[in-house]
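As they're listed, the protein sequences go chains A and B. Going by my numbering, 404 is the number at position 404 of the first sequence; the sequence numbering is gapless. Going by my numbering, 209 is the number at position 209 of the second sequence; the sequence numbering is gapless.
There's no promise every hint is true.
[Claimed, not checked] Pair ranges (Cβ atoms, derived):
1. B:Gly281 / A:Ala26: 20 to 26 Å
2. B:Ala260 / A:Ala26: 35 to 41 Å
3. A:Gln171 / B:Arg51: 49 to 55 Å
4. B:Gly329 / A:Ala403: 52 to 58 Å
[Claimed, not checked] With a Cα cut of at most 27 Å, we get these calculated BS3-like pairs of lysine-lysine:
5. B:Lys168 / B:Lys350
6. B:Lys350 / B:Lys339
7. B:Lys110 / B:Lys384
8. B:Lys384 / B:Lys168
9. B:Lys350 / B:Lys150
10. B:Lys168 / A:Lys143
11. B:Lys40 / A:Lys5
12. A:Lys40 / B:Lys150
13. A:Lys150 / B:Lys40
14. A:Lys338 / A:Lys384
15. B:Lys384 / B:Lys150
16. A:Lys110 / A:Lys338
17. A:Lys168 / A:Lys338
18. B:Lys362 / B:Lys350
19. B:Lys384 / A:Lys40
20. B:Lys5 / B:Lys49
21. B:Lys5 / A:Lys150
22. A:Lys143 / B:Lys5
23. B:Lys339 / A:Lys143
24. A:Lys339 / A:Lys143
25. A:Lys143 / B:Lys40
26. A:Lys5 / B:Lys49
27. A:Lys5 / A:Lys40
28. A:Lys384 / A:Lys168
29. B:Lys168 / B:Lys110
30. A:Lys384 / A:Lys150
31. B:Lys339 / B:Lys143
32. A:Lys150 / B:Lys143
[What the hints assert, rightly or not] Here are some, though not all, of the chain B residues that point toward chain A, as calculated from beta-carbon distances under 10 Å:
33. Asn25
34. Asp69
35. Ile138
36. Glu144
37. Asp291
38. Thr328
To be clear, the hints were calculated from the coordinates, so they are not data collected in a lab. A virtual CB, placed ideally from N, CA and C, is assigned to each residue, including glycine.
Residue-level listing of the chains:
2 protein chains.
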Amino acid sequence: MREIKVGVLGLGVVGSGTLRILQENADDIAHRVGARLVVKKIAVQHLHKERAVMVDPALLTDNPQEVIDDPEIEILAELIGGVEPAHDYVLRAIERGKNIVTANKEMMAKAGHDLMEAAGDARRDFFFEGSVAGGIPIIGPLKESLAANKVREVMGIVNGTTNYILTKMSQEGAAFDDVLREAQAHGYAEADPSSDVDGWDAQYKIAILASIAFNSRVPVEEVSAQGIRAVTPRDIEVARELGYRIKLVAVAQQDPNGEAMQVRVHPAFLPVHHPLASVDGVFNAVLVRGDAVGDVMFYGRGAGSLPTGSAVVGDLIATARNILRGSTGRIGCTCFEKKRMQPIDSVETKFYARIHAADRPKVLASIAGVFGDFNVSIESVVQKAMNEDDAEIVWVTHRVREADLLGALDVISHLPAVRSVDNWMRVEE
Amino acid sequence: MREIKVGVLGLGVVGSGTLRILQENADDIAHRVGARLVVKKIAVQHLHKERAVMVDPALLTDNPQEVIDDPEIEILAELIGGVEPAHDYVLRAIERGKNIVTANKEMMAKAGHDLMEAAGDARRDFFFEGSVAGGIPIIGPLKESLAANKVREVMGIVNGTTNYILTKMSQEGAAFDDVLREAQAHGYAEADPSSDVDGWDAQYKIAILASIAFNSRVPVEEVSAQGIRAVTPRDIEVARELGYRIKLVAVAQQDPNGEAMQVRVHPAFLPVHHPLASVDGVFNAVLVRGDAVGDVMFYGRGAGSLPTGSAVVGDLIATARNILRGSTGRIGCTCFEKKRMQPIDSVETKFYARIHAADRPKVLASIAGVFGDFNVSIESVVQKAMNEDDAEIVWVTHRVREADLLGALDVISHLPAVRSVDNWMRVEE
């Protein structure tokens, strides 16, 4: 049986999972492909480190150039992460005629377009299923099975750490800081949790998904990202009372004429029957709304060694099939349109706002009056006494622009009877 | 831009949706493919019938052979349904060098293997995403994105009609017959509902999914199929009290050494937190359990003109991409193994049984004794008085063989104090 040689950059969490799957399922994979996938070289930082996978030490090198320059290697799996030097390695590998498989979300979001164009010009494959939502098939289905659709919206829970934290906060009524510490102790959150809890990780992922769904480049720096640090147990409690769950959602929508896109990451109220509302713990899910297919959802483990390895090896298999049929580069970069990014402050949704005010006559009317001045119309309002003097007033608006809501909240926060605007959040439908 | 000519057999529900998508999204599809998909001929039964889609009458013919014989047509979309004459048409089209796209579950389940082999020998594409779960991508992801995995289990809710009926029965406490009549009035069930409510439709679909997941031919006549006619409102109520939902599930499992498969359709108790338990109404979902990826689930509309059309057009796009790159037949028939089918009576699961007995001392003990005689060990038992004389006893067993359960229930039904064995059902985990 023919052998197809694979080179690997990086033997961390994803690299180990990839190697383990290639070893354990080697025979099945060979049957499915019609060729054996053989790892010929693996570039690592430290040659003598303990590994989570058994690897022949003779395969290891600490010089990535050895992998990139090896003429026998037909597919390079880039599993280092980060923009540089990964981007540089990949570009050089494409120049040397290699097909590329990567799980690198940051590189894809920030510099994926040029790499895909280079691969397309060279008629080489460039796959990156592992960069979004771990092992859940989503990039492949968007490019292939769902390619008949105009996609109106992609909405996902694409960060397992924040979903774990929000789920725990919801189950235990605990505060963000406490749950974060516990998540760090269990290895579900990093020592520096910013990339997850401030929404950057999700920002990269939704930029990638939006660019595929809408066939347009999405400048990642124009994707608005807000994390979950400001979500309080009280917000979660209020949401539940109103029939919602709070989730960190990554949303990409395009307007009906397909001219403008809005791409954003933020915590949001989701109605309890929303398909994403019951996605709990470290699980991820991506909802795609297409004009023909309607709503379809993809659900599973969004991270981890074997799940992400499953996506990487799936891409290696796709590449190998193309190599065998001489059809590498079969699907090139799909960004053939140039759509405008809509600024976040003009994006309309429903909103939730929680206001702490004096429990006096006419306070509610005065706040409502300010909302009216800013064209913020109200869907529901619930006022509750907090103690003898104070009340908590929870508002849910109809669809309004963020700029109008924030304008109103600014004025409201200066009303004499208002103690504080405690929080606000988008409400998705 | 190059044109790729498509021929269509059948302009019913799926055909109309397919044509509509090809018309409305023509430009996007052309960009994504790099060629225009042009429908050249459509074979219909009645030339002058009213259609749900605007079609140039010059494209219509009532002679399928005209479509099959047209040398310009490179892809044939078979959207008639049923085994013959569809199978014969498809085989002749393959002989004439055409690529095939079909949404025909019955033909694929009963005669798909030979067709795929013929297409493979001719190096032509043969796609059938629309045959299972409408527009939900599942066959493509199983063959591609998830190809790195040994799949242990596929479990799906793949029939919208029965899921709608069970959901309504559950919400309204209504009886099967009443909900069926209402579903027929609303067009959610056919005048002859057998194919849906007796489980044959789901039987075809799980046979198709199992053959792909396990790389082995699955003889559809050996797939056990039991429908939902025997499910009563009382079963649904009891299930809820015990923390379960009743769903018509299609299950395919293989044993750890990959030698035997069990493939079956039946109503089952699903724990309320099971990913499939909250799939309600006409929605479908398929859960795939892989050794690397873990649990992934695909959810969406499992039927309908546009959703199924989305799958058909997705397949047309995949075929067109392969035509452009000279790589048709890129993935052939994946049934390279020959696995044994395990008979249903030896398949082990937990079971539920509901027994109506005299409310007398020692009745429970005597029933439990019979279960013990048949090696049926009990996880839980709940006894409730029905009236002065009678009691209802609900049993949930540990994992046992169906043959042992049924042997026990037969003896139990003849115990003097037992009035009737009212129902039994598998309990999935």
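Honestly, do glycine 281 of chain B and alanine 26 of chain A meet the 20 to 26 Å range at C-beta? violated (43 Å)
Next pair to validate is lysine 143 of chain A with lysine 5 of chain B; report whether the Cα-Cα distance is within 27 Å. Roughly 22 Å separates the two Cα atoms, so the pair holds.
Below or equal to 27 Å on CA atoms is what counts here, so check lysine 362 of chain B against lysine 350 of chain B. holds (25 Å)
Alanine 403 of chain A and glycine 329 of chain B - C-beta distance against the hinted 52 to 58 Å: Holds: the Cβ-Cβ distance is about 55 Å, inside 52 to 58 Å.
Are lysine 168 of chain B and lysine 143 of chain A close enough, with their CA atoms no more than 27 Å apart? violated (36 Å)
Could you grab the alpha-carbon distance between lysine 40 of chain B and lysine 5 of chain A and see if it respects the 27 Å cut-off? violated (43 Å)
Between lysine 40 of chain A and lysine 150 of chain B, is the straight-line Cα distance small enough, at 27 Å or below? Answer holds: lysine 40 of chain A to lysine 150 of chain B is near 24 Å, not above 27 Å.
Please verify whether lysine 338 of chain A and lysine 384 of chain A have alpha carbons no more than 27 Å apart. Roughly 49 Å between the alpha carbons, so the hint for lysine 338 of chain A and lysine 384 of chain A is violated.
Within a Cα-Cα threshold of 27 Å, do lysine 5 of chain A and lysine 49 of chain B meet the stated pairing? violated (57 Å)
Quick one, are lysine 150 of chain A and lysine 40 of chain B close enough, alpha carbons at most 27 Å? Given that 27 Å is the threshold and the Cα spacing comes to 24 Å, the pair holds.
Per the hint of 35 to 41 Å, is the separation of the Cβ atoms of alanine 260 of chain B and alanine 26 of chain A within bounds? Violated - the Cβ-Cβ distance for alanine 260 of chain B and alanine 26 of chain A, about 22 Å, lies outside 35 to 41 Å.
Straight-line Cα separation of lysine 384 of chain A and lysine 150 of chain A no greater than 27 Å? violated (45 Å)
Figure legend: structure checked against the earlier numbered hints; hints not met, in rising order: 1, 2, 7, 10, 11, 14, 15, 17, 19, 23, 26, 29, 30 and 34.
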